[in-house]
Amino acid sequence: MTPVSTFAYSAASNLLTLTWALPLASAAALALFPRQRVSAIRRFALAANTLNLILVAVLTVLFFKSPPVPNTSSGGTETMLAFAADHEWLSVLNVHYLIGVDAISITLMLLAAVILFSGTLASWTIGAPGGTGKVAALASSENGAKEFFILLQILAAGVFGCFISFDLFTFFVFNELTLIPTYLLIALFGSGRREYAAMKLTLILMGGSALIFLGIFGLYFESGIHSFSILELSQVRFHPDFQGWAFPVLFLGFGILGNMFPFHIWSPDGHASAPTAVSMLLAGVHMKLGAYGCLRIAMYLLPEGAGMWMNVFLIPAVVGVVWGGFVAVRQKDLKYMNAYSSVSHCGLVFVGLATLNLIGLRGAVLQMLAHGFITATVFAVIGMIYQRTHTRRIPDMSGLMRSIPFLSVVFVIAGMAALGLPGFAGFAAELNIFLGAFAAAGTLARMGAVLAVLSIIVSAIYILRAVNGVLHGPPKENAAVLSDAVPVEKIALLTLLAAILVLGLWPGPVVHRIDDALMPILNNLKR
Amino acid sequence: MDNPVLLTQEAWSSLQTAAWAVLILPLLSFLVNGLWLGRKHERAAGWTATALLGATLACALHVASGWRSLVLQHPELYPSRTALAWEHVWLNFGGNLSARLGFYLDPASVMMIVVVSAISFLVHFYSIRYMKHERGAGRFFALLSLFTFAMLGLIVSGNLIQTFFFWELVGAASYLLIGFWYTKPAAVAASKKAFVLTRFADAFFLMGVLLTGVNTGSFDFLVVNGPAAAAELNRTLGAGLFAFKLLSVTTVLLYMGAWGKSAMFPFHVWLPDAMEGPTPVSALIHSATMVVAGVYLTARLFPLFAAAEHTLQLVAFTGALTAVFAAAVACTQTDLKRILAFSTLSQLGLMMLALGVSIPTVANGGGGAVTTIANTAGYTAALFHVFTHAFFKSLLFLSAGVIIHAIHSNDLRDAGGLRKKMPWTYISTLAACLALAGLWPFAGFFSKEEILGAALGNGHFTFVAAGLLTGGLTAFYMTRYFVLVFHGSARTHASSAMNADHAGAAHHGPTEPLLMVLPLIVLTVPSVLVGWLGRNAFLKDMLPWTSSATAPVEHLEAHAGFPWMVLVATALALSGIGTGLYLYGRKRWTAGYADDRGPWLYRILRDKLYVDEVYSFLIRKVGSRFVITPADWAERKILNASFDQGGGVLNKLARGLSRYQNGQVQRSVATALLGLVLLLALYFSGSPLPHLFGSLK
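If you read the sequences in order, they're chains Z and U. For the first sequence, our numbering begins at 315 and goes up steadily by one. For the second sequence, our numbering begins at 11 and goes up steadily by one.
The hints are simulated quantities; they were obtained by calculation from the structure and are not laboratory data. One should not assume that every hint holds.
[What the hints assert, rightly or not] Computed, partial: chain Z to chain U, Cβ under 7 Å:
id	residue
1	Val643
2	Arg644
3	Met715
4	Ile727
5	Met730
6	Pro736
7	Phe748
8	Phe752
9	Gly756
10	Leu768
11	Ile775
12	Asn782
13	Pro788
14	Pro821
Think of the CB as a built atom: it goes at the ideal place given N, C-alpha and C, for glycine as much as any other residue.
Hey, can you work out the whole structure from these sequences and the hints?
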């Protein structure tokens, strides 16, 4: 058992706390703004989120400059954290505020910060009465910028809190914190069948949470040490019988959040109905909490359970990859198209996890990042097109390349990234996942690998269908009046594209650190 | 292998720098045009791109000469004529397995970087005038440069991952350029078709790449092509009905990539449609460079393919089939560019055929199969044909561009009698046609002869016959093309107006703009000379595995034995030309029947053997109806509906329960008692359920 108190406390751990405290504080501050001051409200939100992006970027740089010394002893199963801190906050249950980051969580935090920043910019027209963006849903909440940004900031706080928590209870609290604002953001600010979508999303995710809750308390009691600390629990060897039932419970619970087939049904409706920034944050970051939990909690703490169950979970993973692609081909609504493409791409994350080898796991982590950035970009650009054309239906659009070239070019680039074109982040991730799957033991894994690779054909079909349908072809008559991206939108999109390109062209350094962070998990699996 | 002692440090580092520049300059051209010049300064974009591509060509030539003097002249240091200018690890997969970006120099890659940068430079130059009045010329140059960058990266790749990386990039660039006129529905459809079809093949290619890497522990061509890798792959997986040879599966999967990219039958359908793109694009991408990437890949992996049992036979078979089929279809088409596209298909088929007929001798040694390549004449011949074909086919496309530019039509029936007005185009097209028909002393003669010689030398009489037939048909359809374009009388308003007076010419600008004709003239020189000049160099230096020194010798002997081959091939070519001249010159046949009349064979060929219709059926009737629709239906009606219905069920249940809680004391007490009984029963039955969470202290 590792005594938790061996951490070298650093000032940086306070910065880590600030990553969720800042959004939460800004939400509180926004509540004090008069609701008519729309411009001031969004400027303030932008300032907060820019500050948070800088904060996370600084932390990332600090992390990569002096990463925690990897566990060099072969077979080391202890996760080495940077910027760690530990405070007890609920002594009855031995709940700690145990925070820290490793390469996986810090890169996911950077993902979250970038998407939050661009999402704020992408929702610049939210709640502006008579502004350029006549978002249909605002009819119900005229001038709702204040509520929108308050809820967005709370959602962000929950997300950041999850990524830094190494205490299961704290993790769970932060995870629940994300659900309520998500419900309200979709139900109040969404479009289409927004109330239905919000209710569906919340109910299904609550179901997932229930499973997670069950699993977490199972771990707590079964460990014999009454601890929620991931670090401590990772050193406990749980009884195989316990692992046999607790692993599927936890994996499924997180898998529901992580968009796993057939529980993905909350996501297309939810993402399609949500306002742009929320779609970006939900698909880009929030869903990653699920896959992150699968890896960090279910697989790390219950390695033998993973060994027993992974071949079973490989099946829905692979089915999801193919299924999402097939259904995406038929979608007429751009947001639904991208949402089903997310089902396919998140399926790839689970395929990577199911390989149980380093290349596959690393591919899964890369895919979380890649899919996060790419899907956020696609959602952002779809939202911007929607603001101009007031439609998201592919058949209703044509030849937008001529009238809004900047947005169109970004759409093409994001589409190419989504279909896994080399040079973009998606390819680096998929390459690792496929290679890991082919290298994995077992015929099932290889068959899964074959199907997963074949999905790149389907992704090309639905992406090109959207690109050709919306951007190419003869322009519509009224297209000439559309205006191209404004500087705010350009900054949002270029930030995201830069991230996609950096990760795609130069994945080496990130992969190196992710490998270090995966080693304890992998060693536990091999134990 | 970097910088052996003997060679001067200076020469080597200058080679390295030039090698970097070969990749950086086209990329720079893409970035400068795409991000900056493209939208505002379209004139400057063309010239800038051309200048940068000129510099690329200079660097490529420098690399080639450096390679000659450093590598080729020192066989004792470079027995395999292969050097690595530089290499960087892109991604490590653990063990020895890694993906690297490198600049791999061997005879084939050196030849190709020179050809690609030369033709790309000329096409850029040509496009300045061609795209002068086009909207989006800046985007055009940016994409053309992007393509060149990707193609060069593909050529100099020394491993399968880098190859796949750039393989996909050339595909994307090709997609964007085919769809350059994005408001034209036909162009949009063609671009999608090209991308999806090649992507289909690429998925299998990627599987082949991954299987190779997983099983041989390396992606490097040097390792993969070695005997150890073949031995590693040479095992049987599965059993009974599902038993398959891993080596065969892997090589066929790898060949699938080449199959799609080089548009071998039945993946050929994207290439004729790709002619919807601007003509310079067709000249660069869809004739001279990208489509030969498949041939190039097959050549790259030749030793591995040769080690597999039937893979080379498959290569030869697809090649022969495509060669004959496409040549026959080309005889019936009426679109200038489609004729050339089918001609390209046919010639690509010949190249594949050449690779496939090199039959290796497989000797089973102790540890595993030891492969010796007995006759590599086909390898040399294929690359030689890639080389010669690049010049005369891009010339043909560029001249077609001049013609289309002048008569504003792609249709053979609109052309005619252009000889007088377009003397330069006439001469250069004549040279290219003769080269394609394979007449001495034009370039095509030599490479075609090599291919036929290779097939004959290995006793593949069927493939020899296919090659000869293709040769005859090629001579025929090129004569038809040539006569109908340049001779006879003007057939339509456009061409006759152009012929009649110079007023029209003044209106449209000159008939033969100098900037467009210049590249034609430049390309005429290699179309005539490269075969004759290059033959010996190719025979001597093309093989990257000279250790088996017997190969070239055997090759020459094989040749010396069959002098009549040349005569037969030439006679067939001449008779093809004669038939063409007779039918279209003397009997004044027109390009095609006005309507659906014509003999059945003609109609079948004109409709391209209905392959497109088969695809359409498979996609619309099978794929859409039996895959997409059921998935979509199940998603809505099963998965989502079950959630919705589940909500309803819960609702009913809740209503029932709330009715149960009617507030009567009797019912409350009865329920409490029932609960107590149940709990007690559970406790005394010894069920583990209460202990599930351990001891609740």
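Now the hints, each set against the structure:
no.: 1; hint: Val643; in the structure: holds (5 Å)
no.: 2; hint: Arg644; in the structure: holds (4 Å)
no.: 3; hint: Met715; in the structure: holds (5 Å)
no.: 4; hint: Ile727; in the structure: violated (10 Å)
no.: 5; hint: Met730; in the structure: holds (6 Å)
no.: 6; hint: Pro736; in the structure: holds (4 Å)
no.: 7; hint: Phe748; in the structure: holds (6 Å)
no.: 8; hint: Phe752; in the structure: holds (5 Å)
no.: 9; hint: Gly756; in the structure: violated (13 Å)
no.: 10; hint: Leu768; in the structure: holds (5 Å)
no.: 11; hint: Ile775; in the structure: holds (6 Å)
no.: 12; hint: Asn782; in the structure: holds (5 Å)
no.: 13; hint: Pro788; in the structure: holds (5 Å)
no.: 14; hint: Pro821; in the structure: holds (6 Å)
Of the hints listed earlier, those the structure fails to meet are numbers 4 and 9, in rising order.
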